[in-house]
Amino acid sequence: MAMEFKLPDPGEGIHEVEIIKVLVSPGDYVEDGQSILEIETDKATSEVPAPVTGKVKEVRVESGDTVRVGDVVMVFEETGEKKREEPAKKEKAKKEEEAEERPEKREEKPQKAGKPPDVQRGEAGKGRKGKGPVPAAPSTRRVARELGVDLKDVTPSGPGGRVLTEDVRAHAEGKEPARKPEEEPKEEKAPTEAAEKKFEPEGRTERMAWRSVRRTTAKRMIQSWNEIPHVTHQDAADITDLETLRQKHKEEIKAQGGSLTLTMFVLKAVAAALRKYPRFNAELDMDAEEIILKYDYHIGVAVDTDRGLLVPVVRDVDCKSIVDLAMELPQLAERVRNGDAEREDLTGGTFTVTNVGPMGGTGFAPIINHPQVAILGLARAKLQPVVVGDLNEYEIRPRLILPLALGFDHRVVDGADAARFVRAVVEAIEDPETLMMKV
Amino acid sequence: MVVGELSEEVEVLVIGGGAGGYAAAFRAADLGLDVTLVNAEERPGGVCLFRGCIPSKTLLYAAEMVKAAGEVERMGIRFGKPDIDFNRLREVRDEVINKLATGLEQLAKKRGVRLVQGRAQFESSNEVFLSESESRRMRFRHAILATGSLPNNFPGMSFEKGSRIMDSSAALKIEKIPDSLLIIGGGYIGLEFGTIYASLGARVTVVEMMDRLMAGVDRDLMDPLIKELDGLFEEVHLNTKVSDLKETDKGVEATFEGDDAPQTFDQALIAVGRHPNTENLGLENTKVELNEKGYVTVNERQQTNDKNIFAVGDVVGGKLLAHKAFHEGRVAAEVIAGKPSAFDARAIPKVVFTDPQIAWCGLTQDAAEAEGRKVKVVRFPWSASGRAVCMGQTEGVTKMILDPDTGRILGVGIVGRNAGEMISEAVLAMEMGAVAEDVALTIHPHPTLSETLGEAAGAFLGTAVDILPQRENDPDSAE
Numbered sequence: 001m002a003m004e005f006k007l008p009d010p011g012e013g014i015h016e017v018e019i020i021k022v023l024v025s026p027g028d029y030v031e032d033g034q035s036i037l038e039i040e041t042d043k044a045t046s047e048v049p050a051p052v053t054g055k056v057k058e059v060r061v062e063s064g065d066t067v068r069v070g071d072v073v074m075v076f077e078e079t080g081e082k083k084r085e086e087p088a089k090k091e092k093a094k095k096e097e098e099a100e101e102r103p104e105k106r107e108e109k110p111q112k113a114g115k116p117p118d119v120q121r122g123e124a125g126k127g128r129k130g131k132g133p134v135p136a137a138p139s140t141r142r143v144a145r146e147l148g149v150d151l152k153d154v155t156p157s158g159p160g161g162r163v164l165t166e167d168v169r170a171h172a173e174g175k176e177p178a179r180k181p182e183e184e185p186k187e188e189k190a191p192t193e194a195a196e197k198k199f200e201p202e203g204r205t206e207r208m209a210w211r212s213v214r215r216t217t218a219k220r221m222i223q224s225w226n227e228i229p230h231v232t233h234q235d236a237a238d239i240t241d242l243e244t245l246r247q248k249h250k251e252e253i254k255a256q257g258g259s260l261t262l263t264m265f266v267l268k269a270v271a272a273a274l275r276k277y278p279r280f281n282a283e284l285d286m287d288a289e290e291i292i293l294k295y296d297y298h299i300g301v302a303v304d305t306d307r308g309l310l311v312p313v314v315r316d317v318d319c320k321s322i323v324d325l326a327m328e329l330p331q332l333a334e335r336v337r338n339g340d341a342e343r344e345d346l347t348g349g350t351f352t353v354t355n356v357g358p359m360g361g362t363g364f365a366p367i368i369n370h371p372q373v374a375i376l377g378l379a380r381a382k383l384q385p386v387v388v389g390d391l392n393e394y395e396i397r398p399r400l401i402l403p404l405a406l407g408f409d410h411r412v413v414d415g416a417d418a419a420r421f422v423r424a425v426v427e428a429i430e431d432p433e434t435l436m437m438k439v
Numbered sequence: 001m002v003v004g005e006l007s008e009e010v011e012v013l014v015i016g017g018g019a020g021g022y023a024a025a026f027r028a029a030d031l032g033l034d035v036t037l038v039n040a041e042e043r044p045g046g047v048c049l050f051r052g053c054i055p056s057k058t059l060l061y062a063a064e065m066v067k068a069a070g071e072v073e074r075m076g077i078r079f080g081k082p083d084i085d086f087n088r089l090r091e092v093r094d095e096v097i098n099k100l101a102t103g104l105e106q107l108a109k110k111r112g113v114r115l116v117q118g119r120a121q122f123e124s125s126n127e128v129f130l131s132e133s134e135s136r137r138m139r140f141r142h143a144i145l146a147t148g149s150l151p152n153n154f155p156g157m158s159f160e161k162g163s164r165i166m167d168s169s170a171a172l173k174i175e176k177i178p179d180s181l182l183i184i185g186g187g188y189i190g191l192e193f194g195t196i197y198a199s200l201g202a203r204v205t206v207v208e209m210m211d212r213l214m215a216g217v218d219r220d221l222m223d224p225l226i227k228e229l230d231g232l233f234e235e236v237h238l239n240t241k242v243s244d245l246k247e248t249d250k251g252v253e254a255t256f257e258g259d260d261a262p263q264t265f266d267q268a269l270i271a272v273g274r275h276p277n278t279e280n281l282g283l284e285n286t287k288v289e290l291n292e293k294g295y296v297t298v299n300e301r302q303q304t305n306d307k308n309i310f311a312v313g314d315v316v317g318g319k320l321l322a323h324k325a326f327h328e329g330r331v332a333a334e335v336i337a338g339k340p341s342a343f344d345a346r347a348i349p350k351v352v353f354t355d356p357q358i359a360w361c362g363l364t365q366d367a368a369e370a371e372g373r374k375v376k377v378v379r380f381p382w383s384a385s386g387r388a389v390c391m392g393q394t395e396g397v398t399k400m401i402l403d404p405d406t407g408r409i410l411g412v413g414i415v416g417r418n419a420g421e422m423i424s425e426a427v428l429a430m431e432m433g434a435v436a437e438d439v440a441l442t443i444h445p446h447p448t449l450s451e452t453l454g455e456a457a458g459a460f461l462g463t464a465v466d467i468l469p470q471r472e473n474d475p476d477s478a479e
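As they're listed, the protein sequences go chains B and C. Numbered per my numbering, the first sequence spans residues 1 to 439. Numbered per my numbering, the second sequence spans residues 1 to 479.
If we strip away everything but chain B, and leave its shape as in the complex, we get (with noise of 0.2 Å):
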């Protein structure tokens, strides 16, 4: 018997994902529970498992699209034994209710999970029951596509489920309509014109796709400016004597598997900063008008990889010693490059690090991982001649100084706030010994 299987929702509000890699073809027989297909969420990847066993009779997605929870991905012919109750990720013991809520007859409810029922479709969700496409016009259809709306999703408002451009454009601007359209507003005009003349713009151009870790790091990047007020504090630290440790130490790290830099350095001298001036590893809950302080110091570190910018966390940094970072931090740092990386390893942080010196940079103006308050920018750190003594007796040394910066919400903290805090960091990374001992 022929059996479509649907994208299984990943779980944790999850509602799209990209498929990174198709892993059967049509014909493959495959085991239920084998996995068949590689998916992004967000910015981390895991393997759909085969909810069968049986024969691949259609595979309906490829690399590079991105699929709503509940579409279905492939079409299998049964031959084993009878189809798993459960969607695929449940394996990964989620929630045990949900379970019970979402059994294998979904066809009923194409409606997206984590949306509520709409009570309004009445006569579209007749049609949508139904077999066959969203009816909507061929230049619907096109507009839809422009704007990456799925007709599934639109609210229709035409004669009998009809789906018009309008409400596609409703939906994409996200207010889905109950209203008529010849109640439509006449400066609902002026939108929908500006939104027709689409850019194009001239000369040897070239498209990409704005997928994936690309798009998210975007849209986080948008709710972080606009929301947030940022100010950028700057300040120096002179490590010298810090690096002269690292050095006496890198090579015994080395010899244990680890990897000793000055992040592990800068983490533990934040996570002590924090505990410190604990308004900085804190969330802002606007609704609630409340801050909310957090007791945990997982502490992100943004990593430069081919897919682009991912922050894997470092969890409980007060808990661990340098040379615990050492060795954690380049695995997960590895774990994330390869794409190896699991939700858990990019999610629950509560305040970031970013360390551009490698790369280069004198100083910049690091923005803020939404919804955390504070980031600590690392710029690269220079031999440079400090004077030394007063006015009458100085002395010139050369001495290797690493400017730093942080970009915190001004909502939450203030500048003073912000420079002694910096000013907590500074000096636990100047004095490395004491920082070495401290746990």
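A portion of the hints provided could be inaccurate.
What the hints assert, rightly or not - Capping the alpha-carbon separation at 30 Å, the derived lysine-lysine pairs in DSBU-like fashion look like this: (1) C:319 <-> B:57; (2) C:307 <-> B:152; (3) B:57 <-> C:287.
Said to hold, decoys possible - Pairwise CB distance ranges, derived in the manner of DEER restraints: (4) C:155 <-> B:335: 51 to 61 Å; (5) B:305 <-> C:41: 44 to 54 Å; (6) C:131 <-> B:173: 31 to 41 Å; (7) C:428 <-> B:410: 50 to 60 Å; (8) C:92 <-> B:210: 53 to 63 Å; (9) B:342 <-> C:428: 18 to 28 Å; (10) B:344 <-> C:369: 48 to 58 Å; (11) C:340 <-> B:296: 41 to 51 Å; (12) C:102 <-> B:132: 41 to 51 Å.
FYI, nobody ran anything at the bench for these hints, they're computed from the structure. Glycine included, each C-beta is placed from N, C-alpha and C at the ideal position.
Starting from the known structure of chain B, arrange chain C on it as the hints suggest.
Just chain C now, with coordinates in the frame of chain B:
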């Protein structure tokens, strides 16, 4: 460096100058891309223009006129037996082809599409080697594969020039009208050629392996045509396989499976389908994949598995129709130009240019029954159409396959003269997601055959004027 090793750089390379190929090339050029079209033939146009749609429809038009002239005898107008000047007929056919080919060449030139004759073979995902050409190698940023399809042959035979056993290309030459013609294959090519040859005087025998002609067309739409063909053709053998076929001095000897003795015909036409033209293209040097039937696998954006290479038209399978190829060609060009295009047609019209014509789109009644889908079928017999009665075309039928709950149009089928021109309204209705009411409320000019569409839709609603409302328990409606 040897001159022959020089590789020309092209932005978009279209391989194949048929319907899909030139549609892609023209659209790409209109979108500002630099386009080179490599075609094995001297002129663009492909099978459709040189060996398919255009010459066959020229001849079918002539056949229809012969028949129409006979039909008006019922009105007291007698033309007598037609006197056919075959040389002139062939000339006209060639004039038609030439006129259209010249048009294509001019359009290509004005658009700045570079036409190169040659055979392209992929050497990699971004380079082709050309033979029988002034160019040797081309490196491309994107290629569009539009190499079409070729007629299937009878097992163990090859089509040779001047042979009494022909494929459709040879049959279009109408070098002579045989006294008797055997057509193997009762699909649309077999029936259209049978119509041409029988109208021009040949005794035509059609042999079909299956239990029906034109598999895939609803039987009730076939009935008026079968009635017509019974008079036009000498014989139609269903459930019959040709077990042996050979050419002798006297003609073609064909043995039907189960018969002892062969039958002799002057000529034979093999019309048993077509296969994709994917050989000798060097596809193995690319990541292009073929499906189990040998067609190139593409997504709805016409992209093959090789991201630089697109494919359109017959070579990707589905219905082997020029208008499908046109559409796919445009999609491929637009995708390359960065537009969010996709081949998402809701209905592809199909037309058999026999007389009467059969045209349909979307779901057929047979297909709905086969998949157990509940539909409502409404039929409007042309005997109730004023225009059809004027024309003496009362055998025609217009039918709609509708969703029983919503009245959404799922499919339309028409048999009768001009059915091919009429089907477009149905295709538009389906593309727009129309329900029967939309078509019924659309004013159709009177008296025309197109009214039958409005009336068929009206029959669903019970608002048709020219026929009585259907009863609930109408046995014709599939429940």
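Checked hints:
no.: 1; hint: C:319 <-> B:57; in the structure: holds (20 Å)
no.: 2; hint: C:307 <-> B:152; in the structure: holds (28 Å)
no.: 3; hint: B:57 <-> C:287; in the structure: holds (22 Å)
no.: 4; hint: C:155 <-> B:335: 51 to 61 Å; in the structure: holds (57 Å)
no.: 5; hint: B:305 <-> C:41: 44 to 54 Å; in the structure: holds (50 Å)
no.: 6; hint: C:131 <-> B:173: 31 to 41 Å; in the structure: violated (55 Å)
no.: 7; hint: C:428 <-> B:410: 50 to 60 Å; in the structure: holds (58 Å)
no.: 8; hint: C:92 <-> B:210: 53 to 63 Å; in the structure: holds (55 Å)
no.: 9; hint: B:342 <-> C:428: 18 to 28 Å; in the structure: violated (51 Å)
no.: 10; hint: B:344 <-> C:369: 48 to 58 Å; in the structure: holds (52 Å)
no.: 11; hint: C:340 <-> B:296: 41 to 51 Å; in the structure: holds (43 Å)
no.: 12; hint: C:102 <-> B:132: 41 to 51 Å; in the structure: holds (43 Å)
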